[in-house]
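Keeping the supplied structure of chain A fixed, place chain B upon it in accordance with the hints.
Chains as they are written, first to last, in our numbering: chain A, 9 to 352; chain B, 9 to 352.
Don't take every hint at face value.
[To be verified] From chain A, some residues computed to sit far from chain B (all C-beta separations above 10 Å): (1) Pro16; (2) Thr67; (3) Gly136; (4) Gly194.
[What the hints assert, rightly or not] If you want a taste of the chain B side facing chain A, the calculated C-beta under 10 Å gives, among others: (5) Val286; (6) Asp307; (7) Ser316.
No lab work stands behind these hints: they were computed from the structure.
Since we're looking at a predicted model, the values are computed, not measured.
The C-beta atom is built at its ideal place from N, Cα and C for all residues, glycine as well.
There are 2 protein chains.
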Amino acid sequence: MSTAAPRPQHDAITDVRGIQVGHFTDPRRPTGCSVVLASNPEGQGAAGGVDVRGAAPGTRETDLLDPANLVDQVHAVLLSGGSAWGLEAAGGVMRWLEEHGRGLAVGSDPGQCVPIVPAAVLFDLHVGDARIRPDTSAGYAACAAARGEPPAQGNVGAGAGATVGKLFGMAHAMKSGIGSASVRVGDVTVGALVAVNALGDVVDPESGALVAGARSDDGRTLRGSTQAALAGVAPLSILAGSNTTIGVIATDAPLSKARAQRLAGAGHDGLARAIHPVHTLSDGDTLFALATGHAPALDFNVLCIMASTAVARACANAARAAQGMRISALWLPSVADLNPQEAR
Amino acid sequence: MSTAAPRPQHDAITDVRGIQVGHFTDPRRPTGCSVVLASNPEGQGAAGGVDVRGAAPGTRETDLLDPANLVDQVHAVLLSGGSAWGLEAAGGVMRWLEEHGRGLAVGSDPGQCVPIVPAAVLFDLHVGDARIRPDTSAGYAACAAARGEPPAQGNVGAGAGATVGKLFGMAHAMKSGIGSASVRVGDVTVGALVAVNALGDVVDPESGALVAGARSDDGRTLRGSTQAALAGVAPLSILAGSNTTIGVIATDAPLSKARAQRLAGAGHDGLARAIHPVHTLSDGDTLFALATGHAPALDFNVLCIMASTAVARACANAARAAQGMRISALWLPSVADLNPQEAR
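Okay, chain A solo, but in the shape it has when bound (with noise of 0.2 Å):
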């Protein structure tokens, strides 16, 4: 009913009123990090949730989210390459927002604040110089850089070092990155950012067609691992945690922290339908949600289906966007090196 101009609409997460999204993109080797900024309509943080569904998780500040617990307001989401070592890249993102007056306020003095930024590592060590990972600065850097424009997606960010298809041995993996996707109904937004780092292959969740994942011996054409494995192909035996997949979910319609939580959940059906297996043992598979209350209520089962069709088209975006890479002896194609028409 609204007679203001309908808003543009990118298929990203920034189409999410109060949304904002930075990369760091390291120059010396594929890794990075990327936050999602968030913000009610009062400047403050937004309502949260997470979902930790895999079983080799790198977190923080998830505690904080479980809706028994107190504080409702997240400034921030981190995700970051460098496994637990990139966990280190919030400490700069809480820097940067407490430099920009952003944070929960704590005492007397109004400067003094304390900024919530829950935070999720994938594994790419094995991508380079594995003493190469975020840091601080990496994480302020990300800040710095964040605009409400749509995002670079591919090899940037959390993403950069990202890969696919490892269930038979990195040999056979090819390159993912980061997507993100964005669907609307009525006023209300419902965007996705994830960075893909799966165990699994990437299939197109309209289709149910294979984008990206783990190569045949010729290395030109994708095997199908849930099928191989079903057919009795043992799978190597890869380090435990070297895999993970991240993302946030992000809506303008307000929730509380408990609907955030299970709008992650929501997510995570998404992640089903776009990666081939999911949440594995290898995996530390988690999203988190963030609300920022600046459209109008929405019913909570259609947010979920938004939320899982957002995730799934992200997860199928960051693998089409990806760009193939050569690592020492390692080829790390991409979608666009081995079926080009099907790339971004």
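For chain B alone, kept in the frame of chain A given last:
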């Protein structure tokens, strides 16, 4: 390497060694319960786990399955119609097990035992006379009917009153039921038994095509709940919790309690692929996992791929095996009624 004749495979949970299934179907109105009896090679219960992912669950003995808790034997799992009333049927399962000397030994009297029977229920009170629901005698009867042969599917047991496609109200719904499937890799089988009473639609996990769900206004074709919701068709407010998909995953591979919990989680990825939307605010989706230990160990990620595959196919089988019915003015057609070539 075994020289034994290959075991027959029937695409059913009873392909898993140590598993028997029994249904009780109420002759008075469409409701009932199904029991999965499990025993390890020592004739004791199986290792068990659970993952509750819907927002409106009805369960019993799920806290016991927490890997941090003590008891590591499950003697049976009960799936029941009747909403929370149906939990009473677990008492009948316990009594039958006690009479057959199956349970956790307690005290010095060898006959003294406590059978461990986790249970979950689905809401079918709107299908006929809500005062009729599975009770203690129903649970006992399901045990007495339990066999190692492939169980009946469709409108039986916990699936007797199951329906799907309710996002736009019961007037658009279709009849669903209970279904089973199994997957074998080497000498290890993973099977699933799932009663599909979802708010959402059932889709074929291979092709993504709609199998059953919310019907269009003409009542003869499928609307596609996800597409309709994203196009702005508003869901009809229905009673919270008047849905729910519940099931059991079983494997003859040995597993710890913690791994059994993870296997149940992997099953939910199968639900996400076969039911759109799933895990909603109005569903109490719950999956149990049982590991009988009659077979050798297998790579856990492969077991999880098998679990999600078996669960997804069991959901499609549940819808395809259902028979349509009329309850007063309410028409609940089946796949066979609308699209006969799609039915089992």
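Hints, verified against the model:
no., hint, in the structure
1, Pro16, "holds (18 Å)"
2, Thr67, "holds (17 Å)"
3, Gly136, "holds (26 Å)"
4, Gly194, "violated (6 Å)"
5, Val286, "holds (6 Å)"
6, Asp307, "holds (5 Å)"
7, Ser316, "holds (7 Å)"
Checked against the numbered hints listed earlier, the structure breaks hint 4 alone; every other hint is satisfied.
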